[in-house]
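J.: Now for the letters of each chain:
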Amino acid sequence: MFLTVLRIQTWFKHVRSKVVPPEIIPEVLVAYYQKLPSNIQVSWWRDDGYIVGNVEAGALTFPTQGKNAEDFIRMINEGLLVVLNVPIEYSTVILANGLFAPSRIEREKLENSDVLQSNFGLLSFPSEMVTAA
Amino acid sequence: MGEYANISSKKLSQFLQWLSRKPGITLDPGGRHNIKVQASTGSAFPLPLSHREVNKYIVKGFRDWLVKGGVCTQEEFDEHIT
Numbered sequence: 001m002f003l004t005v006l007r008i009q010t011w012f013k014h015v016r017s018k019v020v021p022p023e024i025i026p027e028v029l030v031a032y033y034q035k036l037p038s039n040i041q042v043s044w045w046r047d048d049g050y051i052v053g054n055v056e057a058g059a060l061t062f063p064t065q066g067k068n069a070e071d072f073i074r075m076i077n078e079g080l081l082v083v084l085n086v087p088i089e090y091s092t093v094i095l096a097n098g099l100f101a102p103s104r105i106e107r108e109k110l111e112n113s114d115v116l117q118s119n120f121g122l123l124s125f126p127s128e129m130v131t132a133a
Numbered sequence: 001m002g003e004y005a006n007i008s009s010k011k012l013s014q015f016l017q018w019l020s021r022k023p024g025i026t027l028d029p030g031g032r033h034n035i036k037v038q039a040s041t042g043s044a045f046p047l048p049l050s051h052r053e054v055n056k057y058i059v060k061g062f063r064d065w066l067v068k069g070g071v072c073t074q075e076e077f078d079e080h081i082t
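Respectively, the protein sequence lines represent chains U and L.
Quick note on numbering: the working numbering labels position 15 of the first sequence as 15, and the sequence is numbered without any gaps.
Quick note on numbering: the working numbering labels position 11 of the second sequence as 11, and the sequence is numbered without any gaps.
Any given hint could turn out to be false.
[To be verified] With a cut-off of at most 30 angstroms between alpha-carbon atoms, the simulated DSSO-like pairs for lysine-lysine come out as follows:
#1 U:Lys67 to L:Lys56
#2 U:Lys109 to L:Lys56
#3 U:Lys18 to L:Lys60
#4 L:Lys60 to U:Lys67
[What the hints assert, rightly or not] Over the 12 angstroms line for every Cβ pair with chain U, so calculated as not near, a few chain L residues:
#5 Lys22
#6 Gly24
#7 Val59
#8 Val67
#9 Gly70
#10 Cys72
#11 Thr73
#12 Glu75
#13 Ile81
Hints were generated in silico from the structure; no laboratory data involved.
Small disclaimer: the values here were computed from a predicted structure and weren't measured.
Glycine included, C-beta positions come from ideal geometry on N, C-alpha and C.
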């Protein structure tokens, strides 16, 4: 029930943001972009049908998991914005414009179930978004 | 409890109900796939509750984060997570 309430809250906020887009202040958005670490390190492994990983972003670290490569990358990005305390309305904008993405080689490892573990380091986001805002 | 097993999201949400009554802890949606657990220190932990199960490594990490932040003791965590 508790989880259901939280999920309903999330869904409601998502729907509301589509109907009434939240106000995004460009200067604030730039400030949140500047909070992003210059690089992150991800170590991951497969366990019980999930990709599980540990993300190090500067002084912050957090674990996360994904059902597949795409989900894992999404969870890394969302988790990063959570630990950085970026409000959800700004997280949505940042995520929509792309944040962290591994290299093609690392992505292929994530997608290859024969590869049981690996690690990589990268942070990539569209810097033109920062200057344009 | 030295080692943890994977925990179902349902069970973890029951734990969060107990945790939410702790002073200084707030729970919010953390995007579409995470629940954000925030301590009064400002530190936040993302829990992947959109999945049916949360991996034992994350459960252990969550425990360490709670204990290190003084939110609960390891014994309290073990008592309420099971």
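J.: If a hint holds in the structure, say so; if it does not, say that too.
T.: Status of the hints after comparison with the structure:
1. U:Lys67 to L:Lys56: Holds - the C-alpha atoms of Lys56 of chain L and Lys67 of chain U are around 15 angstroms apart, at most 30 angstroms.
2. U:Lys109 to L:Lys56: Cα-Cα ~23 angstroms, so holds.
3. U:Lys18 to L:Lys60: 36 angstroms, violated
4. L:Lys60 to U:Lys67: 19 angstroms, holds
5. Lys22: Given that every Cβ of chain U is farther than 12 angstroms from that of Lys22 of chain L, nearest at about 14 angstroms, it holds.
6. Gly24: Gly24 of chain L is indeed farther than 12 angstroms from all Cβ atoms of chain U, at 15 angstroms.
7. Val59: 9 angstroms, violated
8. Val67: 15 angstroms, holds
9. Gly70: 18 angstroms, holds
10. Cys72: 17 angstroms, holds
11. Thr73: At roughly 21 angstroms from the nearest Cβ of chain U, Thr73 of chain L sits farther out than 12 angstroms, so the non-interface label holds.
12. Glu75: 22 angstroms, holds
13. Ile81: Holds: least Cβ distance 15 angstroms, greater than 12 angstroms.
Of the numbered hints listed earlier, those contradicted by the structure are 3 and 7.
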